[in-house]
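Number of protein chains: 2
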Amino acid sequence: MNRQQLIETIRRKKSFLCVGLDTDLAKIPQHLLEADDPIFEFNKAIIDATAQYAIAFKPNLAFYECYGVSGWLAFEKTVDYIKTNYSDTMVIADAKRGDIGNTSKMYAKCFFEQSKVDALTVAPYMGEDSITPFLGYDSRWVVVLGLTSNKGSHDFQLITDANGTPLFETIMRKVASWGTPDNIMFVVGATQGKMFEQIRQIVPDHFLLVPGVGAQGGSLEEVARYGLTTDCGLIVNSSRGIIYASDGTDFPQAAAEKAREIQSEMQKILNDKKII
Amino acid sequence: MNRQQLIETIRRKKSFLCVGLDTDLAKIPQHLLEADDPIFEFNKAIIDATAQYAIAFKPNLAFYECYGVSGWLAFEKTVDYIKTNYSDTMVIADAKRGDIGNTSKMYAKCFFEQSKVDALTVAPYMGEDSITPFLGYDSRWVVVLGLTSNKGSHDFQLITDANGTPLFETIMRKVASWGTPDNIMFVVGATQGKMFEQIRQIVPDHFLLVPGVGAQGGSLEEVARYGLTTDCGLIVNSSRGIIYASDGTDFPQAAAEKAREIQSEMQKILNDKKII
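These protein sequence lines map, in sequence, to chains A and B. Counting from 1, one number per residue, gives the positions in the first sequence under the numbering used here. Counting from 1001, one number per residue, gives the positions in the second sequence under the numbering used here.
Calculated from the structure, these hints are not laboratory results. Incorrect hints may have been included.
To be verified - Just so you have them, the derived chain B footprint on chain A, three or more residues with Cβ under 8 Å: (1) 59-68; (2) 72-78; (3) 123-135; (4) 146-158; (5) 162-171.
Just so you know, these numbers come straight off a predicted model, no measurement behind them. Note that beta-carbon positions come from the ideal geometry of N, C-alpha and C, so glycine has one too.
Generate the whole structure from the sequences, applying the supplied hints.
Given below as structure tokens:
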């Protein structure tokens, strides 16, 4: 999915919501455990219930890998299901990969050829040759960690150099120079609130993938105030708050209701800012 | 495998060699492609041929994931094969994972419960809660990126703060404080040569996993001169130089020969330093 298609989807669905598929067998409704592939059954129901409100789905690889081969199978089936039934909806593999050049090339092959996701999250610590192998694919995106939503983001990401520039800023500027706003996005946690103002000075045009609204405590209103661009420029993720809204047989309806609530709030924001 | 067992294996095998299993279908001998599981067949032959010279094997997850479900199956069979037949040999999953706390916990479950590897490589950018979930497992190790072997290591890892301290040093000191030399190792690339002297001032007792000897151009002699401790303290990896030593049917013998050469050099070094 290219930038223009992404923006069209945002305008059509009046939403910039991403639903995070952090599917955990210990948390899904227990009646699903009798299915052949409970992870996929759960995902399918969540996807069908929320696709009209969401512009993207984000399977978190840790939650699939932890079940070994059967988990990978569930991941692949989930990606195929979305691409077959909701082709206007982006799939972001949240995998936080990144390694030396020849290995990153294999990861790119894994996610952009084997599994056909639209975007992949990548960690920046290993530098240029760990990121550029992901940039050679048409209509695919690398989503690089900028300033993350967790407590540990303060350990290293805010370290300042001799000029007072924080590490995340140096990283975002440099990474941005290796590609374009058409193939690079950045992860910026919703918990970082006002930092979005500073971040828009660093990357005025890039899409930002924003986790941390909901269970992690970030505010959609604050993120939108400082982070929106004329093309929207934000993909805001919610995982646990939507997919675990109910642990009964009504879980798809409960997830749809939560997604619809967030989408309504987003529609109002997009209207107010005259983006739609 | 705990620290004492690791040191005993090093002394018994007179080696600190790790064989990297970067198994690529495009590079393995073509007659193997007729097998049901060519990746596993190749690995099994390499493992049997080199286990007497190696104290560890390091499957690089990118090379398995890129084949989807069948790749994961080959990875799991490879780990089981090593743990069943060469239980004194360490298995390091080279996966460079790391995410927010609840996700890192799932990755720990994946690698330390589902697949039973001894050690996992992890990227430090997301800070404390991305690393500590891996530390709660007895006799397992988290191997955190310090100063890597690739060209891109210069992009961010060497950035100095207002006191002139490079980022990798701040990271290694802080990460070391979250665990002990019994459950944390660091990745330091062999291509960094003399930097090992500085690194031993930061982490005098930790084991270092050292990629970059061989295809990437690092020198074993230089790494050993500055990096060895009285407990050895080094695990030096070679991947392509060993596993692709021949592309004919004699590939196991050619790999064994390359591994034996490196092991001999290591034995001499360990003798000279009176570690064995």
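Hints versus structure:
1. 59-68: Result for this restraint: holds, n = 7.
2. 72-78: The restraint on the stretch 72-78 of chain A holds, since 3 of its residues have a Cβ under 8 Å from chain B and three suffice.
3. 123-135: n = 9 at 8 Å, threshold three: holds.
4. 146-158: That given contact holds, which follows from 10 residues of the stretch 146-158 of chain A lying within Cβ reach (below 8 Å) of chain B.
5. 162-171: Check passed, 5 qualifying residues.
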